[in-house]
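**Q** Going down the list, the sequences are from chains A and B. Okay, so the first sequence: first residue is 1 according to this note's numbering, each after it adds one. Okay, so the second sequence: first residue is 1 according to this note's numbering, each after it adds one.
Any given hint could turn out to be false.
Result set (DMTMM-like, lysine to aspartate or glutamate): computed pairs, CA atoms no more than 20 angstroms apart in a straight line [unchecked claim]:
| id | chain 1 | residue 1 | chain 2 | residue 2 |
| --- | --- | --- | --- | --- |
| 1 | B | 302 | B | 120 |
| 2 | B | 85 | B | 120 |
| 3 | B | 58 | B | 74 |
| 4 | B | 58 | B | 120 |
| 5 | B | 64 | B | 86 |
| 6 | B | 58 | B | 72 |
| 7 | B | 85 | B | 99 |
| 8 | B | 58 | B | 99 |
| 9 | B | 4 | A | 206 |
| 10 | B | 4 | A | 211 |
| 11 | B | 302 | A | 257 |
| 12 | B | 4 | A | 257 |
These are computed hints drawn from the structure, not numbers from a lab.
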Amino acid sequence: MKLENIKLRNNSAKPASQPMSMRRREALWGYIFISPWLIGFVIFTLGPMIASLLLSLTNYNITTPPVFIQLDNYIKLFTGDPRFWHSLGVTVKFALIAIPLNLVFGFVLALLLNQNVPGVAFWRTIYYLPSVIAGVAVAILWSLIFNPRFGILNWLLSLVGIDGPGWLASPDWAVPALIIMSLWSVGGGMIIYLSGLQSIPTAFYEAAELDGANALQRLFYITIPLMSPVIFYNLVIGIIGTFQYFTEVYVITATADTGLGGPLESTLFYNVYLYSNAFRYLNMGYASALAWVLFVIVLVLTLLVFRSSALWVYYEGELRR
Amino acid sequence: MIGKHTQDLINRIMVLILLFIGMVVVVTPLVWMMVSALKSQDAVNTNPPQWIPTEQIKVEINGKDAFLYNIEADGVLRQLALINKEGSIGTFVNPDNPEEQYQLPVASGSRATRVYFHWENFVLAMTKVPFAHYFLNTMIIVVFGTLGTLVSCVLVAYGFSRFRARGFNILFLILLSTVMLPPQVTLIPTFILFKKIGWYDTLYPLIIPAFFANAWDVFLLRQFFMTLPTELDDAARIDGAGPFQILWHVILPQSYPVIATVTIFSVLYAWNDFYAPLIYLQSESHWTVALGLQAFNAVFTKQGHLLMAASALMLIPPVLLFFFAQKLFIQGVVVSGIKG
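Using the sequences provided together with the hints, build the complete structure.
**A** Written out as structure tokens, the structure is:
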């Protein structure tokens, strides 16, 4: 977020008489208008944040009063809970593969659509459609597509002589299946890249062409540097999104024989584990500790991306360090 | 050496081919969904899969179901019904005249099939569970949640875009940073709060928070309000209009596109949301469509045709919304995406 975007406009100078009361009235009105958010922030964000931090130091199952147990939840998390590490591993594995793949596919699609092809609106509609319908219905659809015996994916693979894996039924292939599923909605990122591409002045490309730069050089020396803020934005959103990954896993595994996060806990994503602790085992204290660890992880990752952005994100009108 | 124009043409054709392949990948799952939704139960799980819903023709012979076969009898290829089978020899009858019987080897015939779309699957999917009730609950959340979002976010965005006050810069930064806050951090105390005040298993937890604004929509609206010239505000103020009147008569009439964008995203979000309904709504009479569909999924696992019909029904509202309001969708994504 660039700071100059959020600076408030400096209105014309106020008359010298009664300057304080005018300004006060303006401030008062301002606060009246933002009060829905301010009140909501205290009730639904700040208050619960403090409460969950305090809860994370207790043993609490809603029905009996919380018992203060100091840092026991955190100690148990890090030293005595292999499922915590496992769920973290599943999430990181998914993130490391799905985020870059989504980034590359989305970017390439946007590049293709930016080639002055006929029917841009049509292609954009088709590719964006899956992002509009994400949710339960899509997860059900894909669980049929991934069916090892009758799904169309393994049928397609059999046409080229490949004996397809068990996908969602196989501990080794469940996460790759979910990654493939996530790639289906790549159009969401594409839209953002495409609008970024369209805002690059054509003069840059013309100048580069005059200097004899070929298509690949233009891509690496003009397009990608100028697009780096957008890539950066999608990266941050992708990291935050992965740690909230839930619905697809729930729909596919909650009622399967293998249990939530199955098979063999291969899809026990961090958020799925947190949900189980909070709403299946009613370990509200422990789940709060999980939530705060998640918060710190996301915060650190986001800060790392932000800090590193100075090295690779190019903002127009800014000097590179 | 090929000319530049030919090269351009080749490039564009290559791009179109790639885009076409991508389109096939994107569209195939949806086509498969529709095809499966129109099948009979026997045709859902077949290998190889059926791309056109086809089934063996069934007829009733003396009150019993029998399958039709294309089979040669007395040197003529006919459609006969198989009513009994002993070893490899079957008893076939003329479906129009069951007295006319033939003893023929079953292997010499082939099953008579027909293409048939089971549109009634959609009706079945809607009537096997109280879908109308789920729909009503979802619509209550959609309507009031969207209303709350619009009212609160417009007010807050107006406040941040048109008024100067001590602390506003830092407050706006705090507002924006809540986008980065994982919802799990506030989830459990919020859940306990709603439970303690008796709102567990009601629609309130899914509606009331919308009335307290959210960072995305406030940002989107504020960015738009900032582009509106302040001269009109000033003119209205000189005519004696108060802040609410300026918002209502000056700002809002110029803001229909962005308000429409916020509306469709809010509707879409409420329609697709699964997590909040899952944790707050227990009794079936309060379920939303997303929850009901998941329960349907659990019960009708073996009936893929009904499952796909129900899923397709759930996709109709978002798809319609998308096709009618495409421009607004794309604008919304672009503004909140790029400027963020």
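**Q** Hint check: residue 58 (chain B) vs residue 120 (chain B), CA-CA at most 20 angstroms. Holds or violated?
**A** holds (17 angstroms)
**Q** Within a Cα-Cα threshold of 20 angstroms, do residue 58 (chain B) and residue 99 (chain B) meet the stated pairing?
**A** holds (18 angstroms)
**Q** Check the hint pairing residue 85 (chain B) with residue 120 (chain B) against an upper bound of 20 angstroms on the C-alpha distance.
**A** violated (32 angstroms)
**Q** Tell me if the straight-line CA distance from residue 58 (chain B) to residue 72 (chain B) falls inside 20 angstroms.
**A** holds (19 angstroms)
**Q** Residue 302 (chain B) and residue 257 (chain A): Cα distance at most 20 angstroms?
**A** holds (13 angstroms)
**Q** What's the verdict on residue 64 (chain B) and residue 86 (chain B), does the C-alpha distance respect the 20 angstroms limit or exceed it?
**A** holds (18 angstroms)
**Q** Keeping to a limit of 20 angstroms between CA atoms, is the pair of residue 4 (chain B) and residue 211 (chain A) held or broken?
**A** holds (17 angstroms)
**Q** Given the proposed pairing of residue 4 (chain B) with residue 206 (chain A), does the C-alpha separation stay at or below 20 angstroms?
**A** holds (15 angstroms)
**Q** Given the proposed pairing of residue 302 (chain B) with residue 120 (chain B), does the C-alpha separation stay at or below 20 angstroms?
**A** holds (18 angstroms)
**Q** Between residue 4 (chain B) and residue 257 (chain A), does the CA-CA distance stay at or below 20 angstroms?
**A** Between residue 4 (chain B) and residue 257 (chain A) the Cα gap is close to 61 angstroms, so the pair fails against 20 angstroms, i.e. violated.
**Q** Decide if the proposed pair is consistent with the structure: residue 85 (chain B) and residue 99 (chain B), CA atoms, cutoff 20 angstroms inclusive.
**A** With a Cα-Cα distance of about 17 angstroms, the restraint between residue 85 (chain B) and residue 99 (chain B) holds, given a limit of 20 angstroms.
**Q** Would the hint linking residue 58 (chain B) and residue 74 (chain B) be met if the CA-CA limit is 20 angstroms?
**A** With a Cα-Cα distance of about 23 angstroms, the restraint between residue 58 (chain B) and residue 74 (chain B) is violated, given a limit of 20 angstroms.
Checked against the numbered hints listed earlier, the structure breaks hints 2, 3, 12; every other hint is satisfied.
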